[in-house]
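Whenever a hint applies, use it, and build me the whole structure from the sequences.
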Amino acid sequence: MKPTLSIPHPAESLVLSKVPAHIREIAATIKLVAFDVDGVLTDGSLWYGENGEQLKRFHSLDGHGLKMLQQSGIMVALVTGREGPVVPRRAAELGIGEVYQNVRDKSQLIEELANRHGIGLEQIAFMGDDIIDLTAMHKSGLSISVPNAPSYIIQAAQWVTSLPGGSGAARECCDMILASQGALSQYFHSTRLTGPVIQ
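So in UniProt numbering, spot 141 of the sequence shown is number 141, and the numbers just go up one at a time.
Treat the hints as calculated values from the structure; they're not laboratory data.
The structure displayed is predicted, hence computed values, not measured ones.
Errors might be hidden in some of the hints.
[Said to hold, decoys possible] Calculated pairs, DSSO-like style, for lysine-lysine (alpha carbon to alpha carbon, straight line, at most 30 Å):
no. : residue 1 : residue 2
1   : K18       : K67
2   : K18       : K31
3   : K139      : K18
4   : K67       : K31
5   : K139      : K56
6   : K56       : K31
7   : K56       : K67
8   : K139      : K67
9   : K139      : K31
[To be verified] Now the in silico label distances, taken between C-beta atoms and shown as ranges:
no. : residue 1 : residue 2 : range
10  : P85       : D105      : 21 to 27 Å
11  : A92       : L14       : 30 to 36 Å
12  : N51       : G120      : 42 to 48 Å
13  : E111      : F188      : 24 to 30 Å
14  : N115      : H22       : 23 to 29 Å
15  : R82       : H189      : 38 to 44 Å
16  : N51       : H22       : 47 to 53 Å
17  : S45       : P88       : 15 to 21 Å
C-beta: ideal position from N, C-alpha, C; glycine also.
Listed below in structure tokens is the structure:
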């Protein structure tokens, strides 16, 4: 349910205050957001246990942002070039069904997602931080990166978060898209935020 008021909620105004108008216009049309994992949903660190098990650190604010996107009718996909049990587990906690691992050609996957869901490439946002993400960033309607990405990735992005990957960057992206669509304000009048949530 989207607000009927044309005047933005104060929280939406705050979120959008430093977002260029043309980015807000694009974000208002987004129907699917695809996130790289390492360096975007995590800080890029790879930890291994004594028995070779892989560990990743996720941020709870990011998790809640991904859930808010889905609750607002915006599809979420996780796309990573690596493979392991950690990402599917995190996705399951957040109710994300679109999880793609060991993806080398992310732009092809973006095209497949657009075709599968019957949406235009311009209605997809992709958030990445490395060379493997560039083709998908160029293919998508809105390309987003993080400030700790290499400079040439930042230069290729249409919008860069102020927070680094793994430390709230994905939440910043989610809030920006929701605010651009007038959908962030609903969470300030909803009981969904007062009950138990998985972050």
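Status of each hint after checking the structure:
1. K18 to K67: 24 Å, holds
2. K18 to K31: Answer holds: K18 to K31 is near 22 Å, not above 30 Å.
3. K139 to K18: Cα-Cα ~25 Å, so holds.
4. K67 to K31: 14 Å, holds
5. K139 to K56: 28 Å, holds
6. K56 to K31: 28 Å, holds
7. K56 to K67: 19 Å, holds
8. K139 to K67: 25 Å, holds
9. K139 to K31: 15 Å, holds
10. P85 to D105: 21 to 27 Å: Since the Cβ atoms of P85 and D105 sit about 23 Å apart, the hinted range of 21 to 27 Å holds.
11. A92 to L14: 30 to 36 Å: For L14 against A92, whose Cβ atoms are near 32 Å apart, the range 30 to 36 Å holds.
12. N51 to G120: 42 to 48 Å: For N51 and G120 the Cβ distance comes to about 46 Å; the hint holds.
13. E111 to F188: 24 to 30 Å: Hint violated: Cβ distance 37 Å, outside 24 to 30 Å.
14. N115 to H22: 23 to 29 Å: 27 Å, holds
15. R82 to H189: 38 to 44 Å: 39 Å, holds
16. N51 to H22: 47 to 53 Å: 50 Å, holds
17. S45 to P88: 15 to 21 Å: 19 Å Cβ-Cβ, so the 15 to 21 Å window holds.
Taken one by one, the earlier hints fail for this structure only at number 13.
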